[in-house]
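Chains as they are written, first to last, in this note's numbering: chain X, 7 to 251; chain U, 289 to 511.
Mixed in with the good hints there might be a few duds.
Stated by the list, open to error - Straight-line distance between alpha carbons at most 20 angstroms, and here's what the computed EDC-like set of lysine to aspartate or glutamate pairs gives: (1) 296(U) / 410(U); (2) 193(X) / 177(X); (3) 138(X) / 183(X); (4) 165(X) / 477(U); (5) 242(X) / 231(X); (6) 113(X) / 477(U).
If you are wondering where the hints come from, they were derived from the structure by calculation, not from laboratory data. These numbers come from a predicted model, not from an experiment.
Read off the chains here:
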Amino acid sequence: MAPMISFRKVNKWFGSNHVLKDVTFDVVEGEVVVICGPSGSGKSTLIRCINRLEPIGNGELVVDGISVNDRKADINRLRQEIGIVFQSFNLFPHMTALENITLAPLKVRKMSKEEAEATGLRLLARVGMPEKANAYPAHLSGGQQQRVAIARALAMHPKIMLFDEPTSALDPEMIKEVLDAMKDLVKDGMTMVVVTHEMGFAREVSHRITFMDNGIIVEENTPAEFFANPRSERTKQFLSKILKH
Amino acid sequence: MPPDYVGKVVIDNLPLLLEGFWITIWLSILSSLISLVLGTVIGVARIVPFRPLRSFGTVYVEFFRNTPLLIQLFFFYHGLPRAGITFSAFESALWSLAIYHAAYVAEAVRAGIQSIHRGQMEAARSLGFSYLATMRYIILPQAFAIVIPPLGNLFIALLKNTSLASTIAVAELLYQGEVLDSRTFRTFEIFTAVGILYLCLTLPLGGFVNLVERRLARAGRGA
Chain X
7 MAPMISFRKV
17 NKWFGSNHVL
27 KDVTFDVVEG
37 EVVVICGPSG
47 SGKSTLIRCI
57 NRLEPIGNGE
67 LVVDGISVND
77 RKADINRLRQ
87 EIGIVFQSFN
97 LFPHMTALEN
107 ITLAPLKVRK
117 MSKEEAEATG
127 LRLLARVGMP
137 EKANAYPAHL
147 SGGQQQRVAI
157 ARALAMHPKI
167 MLFDEPTSAL
177 DPEMIKEVLD
187 AMKDLVKDGM
197 TMVVVTHEMG
207 FAREVSHRIT
217 FMDNGIIVEE
227 NTPAEFFANP
237 RSERTKQFLS
247 KILKH
Chain U
289 MPPDYVGKVV
299 IDNLPLLLEG
309 FWITIWLSIL
319 SSLISLVLGT
329 VIGVARIVPF
339 RPLRSFGTVY
349 VEFFRNTPLL
359 IQLFFFYHGL
369 PRAGITFSAF
379 ESALWSLAIY
389 HAAYVAEAVR
399 AGIQSIHRGQ
409 MEAARSLGFS
419 YLATMRYIIL
429 PQAFAIVIPP
439 LGNLFIALLK
449 NTSLASTIAV
459 AELLYQGEVL
469 DSRTFRTFEI
479 FTAVGILYLC
489 LTLPLGGFVN
499 LVERRLARAG
509 RGA
């Protein structure tokens, strides 16, 4: 089976800063991959390349059979198949929770209003906040905003979901509600790439953990092996720091 | 004969002044609408990721903002006919006012757009919206809420600037005042009345802008 996401010797620079170095990395359908690593290691950049929020420098990146940086690629079409959840939620502040969720199905997928709203309400119920349909983002907590953001991405029925540090901006007691919504997706067999420092989530539900440092994929391993027998010194160092607390 | 009380000349000639008053209102409304649409397009053009359009927007803004409106007005009315393009006095005033103020609208809209967090653009593009659809549904609605105060001030300035149209004999408020003045020589009373009629438009407009601004603040739809 061809992988859903395939990086082949991908390089990227920000000016003279070499942020992705010969990255080769695959995600197959239904797989849940966690990417971790110190800040500045390139993990957010890597995930943002998948839907071309960042263009790659060279190499090859194929997602859902489409060469992402090909000039002829219909990027708007591809992006409909790739949901993304950001650290800072990025809900549309001038719209209610339900409007945030239904906007793209209505305007991009040309879904009927009834269908879009039914889907939206179902997704709000799924992320545990059916009563907040008419609330504006400013009146929601961070955890609630992030769950609306997850519902907004799901409303497009994406084949892939990307999470870019989805819990890093949240108070500790709100992290669980967002992780629970994500675990619910894992159960559904969603293909997921998750940049996170939540090692509990990684250990419990991911199929594979990728450790990045300084633009290089240092180690890829199953969760059990990753925590029990990390192969590289750099991984051991990172884990000793992050698992202490 | 009844005594000639102060202001009698204004009361007697009020219909003429009101004729001008209505033309001032019409000229203001029409040129405001055109400048709003044109200015929004130019404002967006100034930031699109396509250099020729950006350059066009910059040239437009710098050119029309940095030449006097009066000259633009004369250019439309006296200049263009030499090139075989003829506008009526009203049309000349309408288009020069619209084009001139569109440059200011563009700057306000550009500033408004640039104040919207880039995460909004990223979130919308990630859902599959095109650049222009993102502008329309996500960025511009938020940007307009921010630029209502500067736009309000701009339209007040536009309303006052319509008085320049008197120089090309558009029969608006100031022009009618001048006609009356030359007929009666009651300069003080007539121009006082003309000034008050301008205030009757600008003060409510300013109040309306403040009201909208407070409403938006109270809606509390911050990010």
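Each hint, compared with the structure:
no., hint, in the structure
1, 296(U) / 410(U), "violated, 65 angstroms"
2, 193(X) / 177(X), "violated, 25 angstroms"
3, 138(X) / 183(X), "holds, 15 angstroms"
4, 165(X) / 477(U), "violated, 76 angstroms"
5, 242(X) / 231(X), "holds, 12 angstroms"
6, 113(X) / 477(U), "violated, 59 angstroms"
The structure is inconsistent with the numbered hints 1, 2, 4, 6, although it conforms to all the rest.
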